[in-house]
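S.K.: These protein sequence lines are chains R and B, in that order.
Going by my numbering, the letters in the first sequence line up with residues 1 to 419, in that order.
Going by my numbering, the letters in the second sequence line up with residues 1 to 495, in that order.
Hints were generated in silico from the structure; no laboratory data involved.
Errors might be hidden in some of the hints.
What the hints assert, rightly or not - These stretches of chain B come out as covered by chain R in the derived footprint (C-beta under 8 angstroms, 3 or more residues):
hint	region
1	43 to 52
2	82 to 94
3	132 to 138
4	171 to 183
5	301 to 309
6	413 to 420
These numbers come from a predicted model, not from an experiment.
A virtual CB, placed ideally from N, CA and C, is assigned to each residue, including glycine.
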Amino acid sequence: MSAVRPVGERSGTASTFPLQLDIDSDTLASCVACGMCLPHCPTYRVTGEESASPRGRIALMRDVAERGEADAAFVEFMDACIQCRGCETACPAGVRYGHMMETTREALASQTSYQPRLRRLAYRALGMPRLLGFGSRLLGLSQRLGLMRLVSLLGRVRPFRQLGAMTASLPRVPVRQAPLTASGDDVWLFTGCVMDAWMRDTHRAVQSVIEATGAGVALPPAGAACCGSLHLHAGLASDTRRLARKVMAALPGEAPILIDSAGCGATMKEYGHLLGTEEARQFAGRVQDVHEWLAARVDELPEGAPTSAPLQIAVQDPCHLRHVQQAHLPVRRVLSRFFDVVELDDDGLCCGAGGAYSQQHPEVAGAVRERKAAAVERTGASVVASANPGCTLHLQAVGLDVRHPLEIVAEHLNGGAPQ
Amino acid sequence: MPSRSAALVGYGRGVTSEDAAADAALLADLRGVLGDRARDNDFERGLYSRDGSIEGSPPAIVCLPDSAAEVAEIVRVCRRHSRPFLARGSGTGLAGGAVPVGRPVVVATSKMDRIVEIDTANRIAWVEPGVLNLDLSRALAPQGFHFAPDPSSQQVCSIGGNIANNSGGPHCLAYGVTTAHIAALEVVLPSGDTTVLGGVEAEPAGLDLRGLFVGSEGTMGIATKAAVRLTSNAPAVRTLLLDFDDVSEGSAAVSAIIAAGLVPSALEMMDQRAIEIVEAFAHAGYPTGAAAVLLVELDGLPGGVEAGVEIVREVAQKHHVGHVRVAADDAERALLWKGRKNAFGAVARIKPDYYLHDTVVPRSKLTEVLEKVYRIADAYGLIAVNVFHAGDGNLHPILAFDRREPGVDERVKAAGRDIVAASIEAGGVLSGEHGIGLEKRDYMGMLFSTHDMYTQDVVRETFDPDGLANPLKIIPTGSRCSDSFHQHVPEGAWV
């Protein structure tokens, strides 16, 4: 673990700046510092450093909230959190760490240069499907034409270093994707931003499994472009609220809204908390992870192709499914109808993806991923199911065969042929 | 008692320019050993100012070594600078053993977390001190073994911390505490030399210095590697939950179960408040209306275990048990234990701070002392929560409070002192398994004569003649001539 540090070199002499942290004193006092969260925190696990633990971060928030000022070290300590919220599941006192971290990031983003202009614009593009689609096709084309090598060369020059690092770890992006076709209005299937631009075939598989129960699927109009999850984690909560209002307007009615990306589902279920309106609370009540909806209808699915022995599948729980939505058991209910489900032995420790985290903190994210890959290896299973696109891409990058649970189910129902 | 923010940022107060210059010279030497793993920024010093207890004051420098060689170098640098040093594991201790006193260097062993070797033939594993207790048992599980001491904090506490405090845990009733499970220790002595105490052979030669080191709370050096004994997993395990309408019936049942000839692997008790907060966290189906529950675990060969279950059932019925719930499977067992093992942290559901004592009383006096604990808490206007190792009479009265209430700290300390006095009066001792550290140091005189304490101090001084290894802990100030650091003791520490 020694090589990994939560952040780079720090000094105690950094200058301070005012920071108003609006976390009330009862919330800050709710942590008794028992330390039960430490082993469930991925960044503590790979660094062994108190500053990279939930207990440590809360102590730092308390300190800054009382003093009304912070310094660069504080920003780095806060930025090093993956926001997996594994600590909340472990916390015997029920400390709402996730909300404290979101408030802290929001304070940093609104009062400091924590989120530079360029990055804010990049986040904004997520809510613009045509721009995102165009950019993705351009990226896919560049990857195929070998132009990315030019970008990585460019990345050796200081001003483009971050761009170089980011593009180096990007997955292969499709250039052309066939559109999805709606089949009814029983449920909405939320398609989102990056996932629709890069992994639409996952949506296609999910849609086919929903339809296999006899339900008709409605697809969202362009307004429901992005749930705002990544913005929320970056401290850009006002962007999330703006996107949330658009999503809510685009998905009217009573039909359940099914989500096949754990990160999006977690955020959309919190629209009520975020917007504080009755309309948002009602909307959030309609949001379900697609596995929650399917688990109640799993017997309505056909048998699928007969197999000699059921395939062994290791389930990797996306943190925002297990720790935020507590909706990891339905995944098993759906998978175990057809397959032999194998558990990892790491108590649902994060894989290191964390939305944009793996791009911004590749060293820590990579060390966290090593632990996950080792846990997968211990199961002996060759296929891993993960219900979140970020985790999938992050784990695929080290050669694991990771697929969305419903892609595996769809393939099985389809007689073994890939969708 | 300093406020938390003072503990974090108050280091600047009362520090002279000479102190600052000494710190800077020390830091330069430690950076020479550790590079940027020697830290002196205010934030991180604040984070290492506390353990799981309620006191705190920042160290001068935090060191994060990665090897035994680095630990030895740190100790040698500290000696050159005549600066105290203090080992720290996961920082979950409850008696202030890892709280810095005298502006020491904190040596955090959390990066030293490798399991070096597992030797099932000799039932020994060599591990580094930062290995977490539960991680070790999980790593051993595929071979059918575990590390027997299982403190409630076992998911996070480190083997190094277990050694320092001679930690116990629910299953130590049958298996014995940490010292019974440590065969040998590689330690860096306060001189900076590295040696091995004890040995993995059946009967190591010479004095049992290993036994002396285990439980010495870092006052005799820093363990850098341990040979731990492996315990084989029992073929059969049964866990029972018994509920009672009356605390005294529950505690009488504890004695009766043991008097009936059984030594359960664990025999735990929780009172009504504990049951409520634990259930709110664990959702394990604990009966929130009951006055007390006993969690009883039996392990061994299947026939013996089943016979034991019947004996427990009969004894409990004589003591008017409400329900006898036998966990149906491993999942249900795990859920019940999850509740029990998270009880301390769950106290935050009542009040944001807690002060936990750890006294041991004769089993026959459990009812009497428990009643006194409730009366003491009432008298000081505090809330007492009881969750403890009933089988060995190891009480853990928790006083829940909110340090933001003015004057509450004096009441908490006074109540704590009264609880310790009541336990000793009943024929008990100061500490079962959490150590003496800072918080119980000044109570040592209640149990030991001046001569006793002097003798203990002479032993310690043999290891650490300069008084640099975790000074001002365990033995009250004044017991030894080398206690020269009190001029550096921060405001609010208990000296």
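S.K.: If you check each hint against the structure, which ones fail?
M.R.: 4, 5, 6
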